[in-house]
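Participant: Read off the chains here:
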Amino acid sequence: MNMSAFAMGWVGVIMGLWGSAVTFRIPARAWLGCILAGLFGWEVNYLLIQQGIIPLYSAFVGAIGLTMCSEALARAIRMPSTVFVVPAVFPLVPGMTAYNAMLSLIQGQYDAAMTSTMQALLIASGIAVGMLMGNAICRSFLNPSLQIIHDSLKHDFAISIPELNVAPQTQSEPRCDTTPPTPKKLLTRRSQLLRERRQKYQQLHRQKKST
Amino acid sequence: MAKPYSKHALRQVANLCIKAARVLMASGAETARVENTVSYIGRACKIPVESFATPTGITITVGGEKTITVVTRVKTRTIDLDKVILINNISRALAAGKIPFQVAERRVDEVLHQKPIFSEWLIYFSQAVCCAGFALIFEPNPRLIPPALLVGLLAKYVEKKCVTLPPFLLFFINALAVTLFANLYCNHIFPVEHWALVLAGIVPLLPGLALTNAIADLMAGELVAGMARTIDALLTGAGLAAGAAAGISLGQIL
Numbered sequence: 001m002n003m004s005a006f007a008m009g010w011v012g013v014i015m016g017l018w019g020s021a022v023t024f025r026i027p028a029r030a031w032l033g034c035i036l037a038g039l040f041g042w043e044v045n046y047l048l049i050q051q052g053i054i055p056l057y058s059a060f061v062g063a064i065g066l067t068m069c070s071e072a073l074a075r076a077i078r079m080p081s082t083v084f085v086v087p088a089v090f091p092l093v094p095g096m097t098a099y100n101a102m103l104s105l106i107q108g109q110y111d112a113a114m115t116s117t118m119q120a121l122l123i124a125s126g127i128a129v130g131m132l133m134g135n136a137i138c139r140s141f142l143n144p145s146l147q148i149i150h151d152s153l154k155h156d157f158a159i160s161i162p163e164l165n166v167a168p169q170t171q172s173e174p175r176c177d178t179t180p181p182t183p184k185k186l187l188t189r190r191s192q193l194l195r196e197r198r199q200k201y202q203q204l205h206r207q208k209k210s211t
Numbered sequence: 212m213a214k215p216y217s218k219h220a221l222r223q224v225a226n227l228c229i230k231a232a233r234v235l236m237a238s239g240a241e242t243a244r245v246e247n248t249v250s251y252i253g254r255a256c257k258i259p260v261e262s263f264a265t266p267t268g269i270t271i272t273v274g275g276e277k278t279i280t281v282v283t284r285v286k287t288r289t290i291d292l293d294k295v296i297l298i299n300n301i302s303r304a305l306a307a308g309k310i311p312f313q314v315a316e317r318r319v320d321e322v323l324h325q326k327p328i329f330s331e332w333l334i335y336f337s338q339a340v341c342c343a344g345f346a347l348i349f350e351p352n353p354r355l356i357p358p359a360l361l362v363g364l365l366a367k368y369v370e371k372k373c374v375t376l377p378p379f380l381l382f383f384i385n386a387l388a389v390t391l392f393a394n395l396y397c398n399h400i401f402p403v404e405h406w407a408l409v410l411a412g413i414v415p416l417l418p419g420l421a422l423t424n425a426i427a428d429l430m431a432g433e434l435v436a437g438m439a440r441t442i443d444a445l446l447t448g449a450g451l452a453a454g455a456a457a458g459i460s461l462g463q464i465l
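Heads up: the protein sequence lines correspond to chains C and D, in order.
Residue numbers 1 to 211, in this note's numbering, belong to the letters of the first sequence in order.
Residue numbers 212 to 465, in this note's numbering, belong to the letters of the second sequence in order.
Bear in mind the hints are in silico, worked out from the structure with no lab data behind them.
Predicted model, so just to flag it, every value in this text is computed and none were measured.
Please note: incorrect hints may appear among the correct ones.
Computed list of lysine-lysine pairs in DSSO-like fashion (alpha-carbon distance at most 30 angstroms, straight line) [said to hold, decoys possible]: (1) Lys218(D) to Lys326(D); (2) Lys209(C) to Lys277(D); (3) Lys286(D) to Lys200(C); (4) Lys372(D) to Lys309(D); (5) Lys309(D) to Lys230(D); (6) Lys218(D) to Lys208(C); (7) Lys200(C) to Lys326(D); (8) Lys230(D) to Lys218(D); (9) Lys371(D) to Lys230(D); (10) Lys309(D) to Lys257(D); (11) Lys286(D) to Lys209(C); (12) Lys257(D) to Lys218(D); (13) Lys326(D) to Lys230(D); (14) Lys326(D) to Lys277(D); (15) Lys208(C) to Lys277(D); (16) Lys218(D) to Lys309(D); (17) Lys230(D) to Lys286(D); (18) Lys309(D) to Lys286(D).
To give an idea of the chain C side of the interface with chain D (calculated C-beta under 8 angstroms), a few residues [as the list claims (entries may be wrong)]: (19) Gly9; (20) Gly12; (21) Pro80; (22) Val85; (23) Ser125; (24) Ala128; (25) Leu132; (26) His205.
Glycine included, every Cβ here is placed at the ideal spot set by N, Cα and C.
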């Protein structure tokens with residue numbers, strides 16, 4: 001393994017990840033997490049390619065590792081995991097294959113273009129499926145969310161079909177209504193009179209209705 | 212029979228929900244997060260809330276028997292993950308009972324009107340550094356760093372100038388500019404790897420967030436939003452590819 005190229009790759013990944021983190025407006029306390037997740041994914045990908053594994057599988061495994069890493073970081077730093085995944089994916093992008101595909105397409109070598117396009121698309125979908133898998137694995141192992149799902153189902157059910165909801169519901173007054181905002185304009189005397197009269201009539205009407 | 216909620220309370224809750232959802236959607240959160248946030252707010256206020264969010268518009272219905280429905284359109288979508296984090300934290304704190312409703316309202320307003328966290332210059336600088344880093348990933352050659360920094364500045368400048376154009380055209384022009392610049396540099400100033408320079412300029416523009424969000428949405432069962440975001444990402448990618456192809460063939464002719 002060429003050591004200087006390896007070090008250059010590390011420097012490149014760190015620079016690229018920091019740059020894209022700032023471009024996506026990720027706050028400074030998550031930069032280290034982004035760089036860690038990205039380095040992990042890229043490193044897995046690079047080492048697997050060095051071992052002679054085809055790029056599709058290495059990108060897939062790299063994406064799984066990166067997603068799991070960022071899910072763990074998200075739970076540690078208490079941020080959405082998207083914050084870490086989005087910059088970290090960039091080093092895995094099959095840039096060279098896509099460039100070759102375009103070049104062959106322009107030069108009219110359609111079979112080479114098709115091969116390269118297929119390869120780039122497969123690597124891209126490998127990354128996507130890897131992210132999916134990592135997400136699913138983390139969702140099912142890292143937080144035991146059965147209780148949460150159950151609760152939310154109960155909640156949703158109570159909303160959609162209130163008649164079927166047999167359990168006694170204790171709906172208290174909403175918390176936001178405890179202190180009503182002060183009226184902006186003081187009522188004039190005439191409008192106050194009008195309002196009182198209206199309320200009286202309404203009360204009378206209600207009494208009539210009930211009796 | 213449950214006691215009906217006062218109209219004022221419903222309006223207040225609907226207002227907060229729509230503000231939070233709109234900020235989230237406009238700054239690049241996934242749909243599942245938007246809907247979760249809305250339901251968290253509803254749960255915190257003990258009012259049933261239903262929401263339907265797509266990348267281009269959000270509908271929220273608040274209330275049990277008498278309801279208020281609010282619809283909002285989301286026309287401009289930028290990437291601002293800082294706002295997503297802030298709103299997310301506010302809604303979680305509200306649901307956990309750590310802050311009262313009024314405080315949450317005030318904080319959402321603050322997020323709505325706050326200045327961007329990074330200055331314009333830092334964004335330009337970071338884009339340049341990002342491009343230089345990707346150039347090094349693709350080809351470990353330190354001579355690529357100066358042109359890659361220039362390519363990053365150029366890409367950001369074009370993006371700022373053409374922000375009103377439709378996204379496909381914007382990315383087409385951006386990729387075209389990057390490729391032509393790379394061609395100019397390689398042929399007339401200093402011979403470096405043309406492909407690495409082009410890729411360094413284009414890779415940071417790739418729709419990474421859109422694709423990640425699309426996958427997250429499809430995982431969460433949001434089929435409409437997931438498909439919409441996938442198409443968005445594909446369109447952006449197609450624009451970039453077309454721009455780069457046009458640039459390369461123009462460079463071969465010139």
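Participant: Now tell me if each hint is right for this structure.
Facilitator: Now the hints, each set against the structure:
no.	hint	verdict
1	Lys218(D) to Lys326(D)	34 angstroms, violated
2	Lys209(C) to Lys277(D)	21 angstroms, holds
3	Lys286(D) to Lys200(C)	48 angstroms, violated
4	Lys372(D) to Lys309(D)	43 angstroms, violated
5	Lys309(D) to Lys230(D)	20 angstroms, holds
6	Lys218(D) to Lys208(C)	25 angstroms, holds
7	Lys200(C) to Lys326(D)	51 angstroms, violated
8	Lys230(D) to Lys218(D)	18 angstroms, holds
9	Lys371(D) to Lys230(D)	26 angstroms, holds
10	Lys309(D) to Lys257(D)	15 angstroms, holds
11	Lys286(D) to Lys209(C)	49 angstroms, violated
12	Lys257(D) to Lys218(D)	14 angstroms, holds
13	Lys326(D) to Lys230(D)	17 angstroms, holds
14	Lys326(D) to Lys277(D)	38 angstroms, violated
15	Lys208(C) to Lys277(D)	24 angstroms, holds
16	Lys218(D) to Lys309(D)	25 angstroms, holds
17	Lys230(D) to Lys286(D)	14 angstroms, holds
18	Lys309(D) to Lys286(D)	33 angstroms, violated
19	Gly9	6 angstroms, holds
20	Gly12	3 angstroms, holds
21	Pro80	6 angstroms, holds
22	Val85	5 angstroms, holds
23	Ser125	11 angstroms, violated
24	Ala128	6 angstroms, holds
25	Leu132	6 angstroms, holds
26	His205	18 angstroms, violated
In this structure, the hints that do not hold are numbers 1, 3, 4, 7, 11, 14, 18, 23 and 26, in rising order.
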